[in-house]
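Work the whole structure out from these sequences, hints included.
Protein chains in written order, with numbering that gives the first Met the number 0: chain A, 0 to 251; chain B, 0 to 290; chain C, 0 to 340.
Calculated from the structure, these hints are not laboratory results.
Certain hints may be false.
Here are some chain C residues pointing at chain B (derived, C-beta under 7 Å) [said to hold, decoys possible]:
| # | residue |
| --- | --- |
| 1 | ALA51 |
| 2 | PHE55 |
| 3 | PHE81 |
| 4 | LEU240 |
| 5 | ASN278 |
As a list, the in silico PhoX-like pairs of lysine-lysine whose alpha-carbon atoms are at most 25 Å apart [said to hold, decoys possible]:
| # | chain 1 | residue 1 | chain 2 | residue 2 |
| --- | --- | --- | --- | --- |
| 6 | A | LYS60 | B | LYS107 |
| 7 | A | LYS109 | A | LYS143 |
| 8 | A | LYS109 | C | LYS28 |
| 9 | A | LYS60 | A | LYS223 |
| 10 | C | LYS277 | C | LYS173 |
| 11 | A | LYS141 | A | LYS185 |
Here are a few chain C residues that sit away from chain A, every Cβ distance over 10 Å (derived from the structure) [what the hints assert, rightly or not]:
| # | residue |
| --- | --- |
| 12 | LEU30 |
| 13 | LEU162 |
| 14 | THR317 |
Where a beta carbon is used, it is the ideal one built from N, C-alpha and C, also for glycine.
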Amino acid sequence: MGVGIQVDNLNAWYGSNHTLLDINLHIPANQATALIGPSGCGKSTFVRCLNRMHETNPVAKVTGSVRIGEIDIYADASPVEIRRRIGMVFQRPNPFPTMSIYDNVASGLKLNGFRNRRVTDEVVERSLQQAALWDEVKNDLKKKSGASLSGGQQQRLCIARALAVDPEVLLMDEPASALDPVSTAKIEDLIFQLKSQYTIVIVTHNMQQAARVAERTGFFLSGKLVEFDSTHKIFTNPGDKRTEDYITGRFG
Amino acid sequence: MTNSFRVSKANHLRRRLADHAASALAVAATIIVVAPLVAIFVYLLYKGASSLNLDFFTKIPKGPGETGGGMANAIWGSAILLGIGSLLGVPIGIAAGIFLAEYGRGSKLANIVRFTADVLNGVPSIVMGISVYSLIVLPQKHFSAFAGGVALGIMMIPTITRTTEEMLLMVPHAIREAALGLGVPNWRSVLSITLRTASPGVITGCMLAFARVAGETAPLLFTALGNQFWSSSLNEPIAALPLQIYTYAISPYDDWHRLAWAGALVLILLIMVSVSLVRYVTTRGVLKGAN
Amino acid sequence: MPGPFDTPDPVKQTPPALPPGQEPSAIRKFLLSRGSSALADRGFRWLMIGCALSIFAIVALIATELVMRSQLTIAKFGLKFFFGTAWDPVNGDFGALPFIYGTLVSSAVALVIAVPLAVGVSIFITEMCPKFLRGPLSFLTELLAAIPSVVYGLWAIFVLVPLLREHVNPVLMKLFGWSGLFVEPNFGIGMLAAGVILSIMILPVISSLTREVMTSVPHSQREAVLALGATRWEMIRMGVLRNARIGIVGSIILGLGRALGETMAVTMVIGNRPDIVKNLLAPGYSMASVIANEFSEASDDMYLSALIEIGLALFIVTIIVNALARLLVWAVTRGAPARVN
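What follows is the structure, given as structure tokens:
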């Protein structure tokens, strides 16, 4: 079951570059929230702050607080513990090339020391089913490498991998941007199915996609959260001139 | 006008001649370089193959001037020396490579380590021999297989370190992020994901280092020393294929020369197989699966 | 799939209720029970740093060991050690000049032979040869690097030396005898044989790096020269060699570093006589070979110290030469990934 995310006064830097300015918002549980904005606006940095991936870059810095459920992720726990609660799907599919499909899905369990075979089998099957990939791969789970799948299948494999650790939040950083339209539609379908069970935060440069899958939408511009509201309101009656300019395409 | 035309025509001829001459010289140079290689191989095959027989692999050397005998103890000794060398060189080399690629990227310490690895790579093997002699043989007061293995192991480190670093750097960053995003601890991600993804290349580097020290003689002269008899003890002098080839090559006996050629052929085949494998793996793309 | 705007407005909707009795799954409980592994991470990191530092420690250990063990001769002879020509272990008089001379001369001979060949091969492989030959040819030159020193020595004793004695040296004596470089005695073994075998051994070092440097010259440089109507040779000379020359010098110095320290093959054919003579056909001795030959016979401490001091000199010289070479090669291929040669 998903939990809500409360973000207060979040600021982020890359070196001396101030990439996020004073972000405040509440992301509700068990819904999909879309983050849109032109490239370089800070939306990717923002999701990477939600599971402390931002810190993997040595010059990065963050201030402010992010509460996921009851936990203040910057005060109460280590990055490793946080990331086990939060699934992440990246822009380009990144299955582990040396692992079979099965091992890819089970990797979050195995690499964290989970040893129970029977449970792992169940989790792998359930996760692949949730990711709508089970029927396509069930016959060569351990024969084929994750890298041998098509791009769209690889991305669904990555979603299955993220779901296998039973996360409370699923972060998706432009999950369909590297995929063809058919695969994109499948991913969107999937998000639609999954959002009743997980809190989903999806970064996208595709406004139609945000409108199709998300209950709420946030618009980022130059590191600031310009507007955050119901998707319906953002796309039909935005409160800010800049949001309107962006969604009507009158924007660089 | 006419004048300048004539000049440029002569000039043109001269330039074309120079062009052809340069091409001819480059082709000639290539032939001269390939020639000794072919000569060495043909000679080695011809001399070595005619001297190879079962005795070579099963018997120990006969006394000076006697015919027959083999190099079984030297092959065994080389295996032991290379085993010790690999046990020492492979883990340290890989770990140092991991440090350079995963932890020290761009840091001063990494630059120092990289530079000392290059220095170590350039240390003449004979100097390595006397260093290990004074570090291990002198304090222990006897030559030993252990000392020889240590000398070979140290010589393996720089090659393994640099290839490991290079191969780890080729692993896409996205793969590391995927692992970290799952909450996998960093050490686990480095070993089970990054290193494993790069493993074909890393193994290649280890084999390259192995092949290189397999033929080393100079570092063994005052460490492993050589031995005409069977020995498996790490505390005693031990025979090694290159040492035996050396001893036999500079001996006055024809039959020993014959054995030296056979030994050289075996040594070369061992090295060639590793190097070709290396070539095969690297040209096929070490990280074919990764995008 | 719903249309763009018919997602229900969540503000007006109550959030979905938790299913009754929903508990964290077994997986979740397990993962929550795992610690932060900060300790393991730190331990692993320090282990890697330790191994990396051990490389530094090894080099430092080698250096101190060589300095300590050569104290006797350093104290007794000082710098004179490197200018003395006497090598008399019985009377304890040691001068390393004959070996330094032999090392320098054999390396110089090797460079004179190897450099033009290596540059020629590199030009042929990178600029001229058909694509299908490029791979096999560079593979062949790399194979030369994989042959062990002792096998080169074996081949040199039984093939190269007789070849030089019977066919090459007589011609050299007839043509260049006047120079004093090629005169009797013609044993076959000697400085020239050592130089020739060394040249074969350092060829792959020089040519592989030269190739790398030449390929790193940007294509635009070649095109700029070709656009002026240059022939191919002029393009290579002005567009490629001129831009790559620092790197090529670097690769030559790296080859020199290899030649200076080469032991077995040289020991087997140089003749092992500590004389300083102009004649390249006469036997000589090198720093590495005197260590190889006499180290295990060195009975007293002074003798051992003299040999170790030669090793120390070799160590220092190769470090300087290698550092210089790397610096030059880096200056040219800056940005290109490091390569193991």
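Hints and how they fare:
1. ALA51: holds (4 Å)
2. PHE55: It holds, given that the least Cβ distance between PHE55 (chain C) and chain B is near 5 Å, below 7 Å.
3. PHE81: violated (17 Å)
4. LEU240: violated (11 Å)
5. ASN278: Violated - the Cβ of ASN278 (chain C) stays beyond 7 Å from chain B, reaching only about 23 Å at its closest.
6. A:LYS60 / B:LYS107: holds (22 Å)
7. A:LYS109 / A:LYS143: holds (18 Å)
8. A:LYS109 / C:LYS28: Holds. LYS109 (chain A) to LYS28 (chain C) sits at ~15 Å (cutoff 25 Å).
9. A:LYS60 / A:LYS223: holds (17 Å)
10. C:LYS277 / C:LYS173: Status holds; Cα separation ~17 Å.
11. A:LYS141 / A:LYS185: holds (24 Å)
12. LEU30: violated (5 Å)
13. LEU162: holds (51 Å)
14. THR317: At roughly 36 Å from the nearest Cβ of chain A, THR317 (chain C) sits farther out than 10 Å, so the non-interface label holds.
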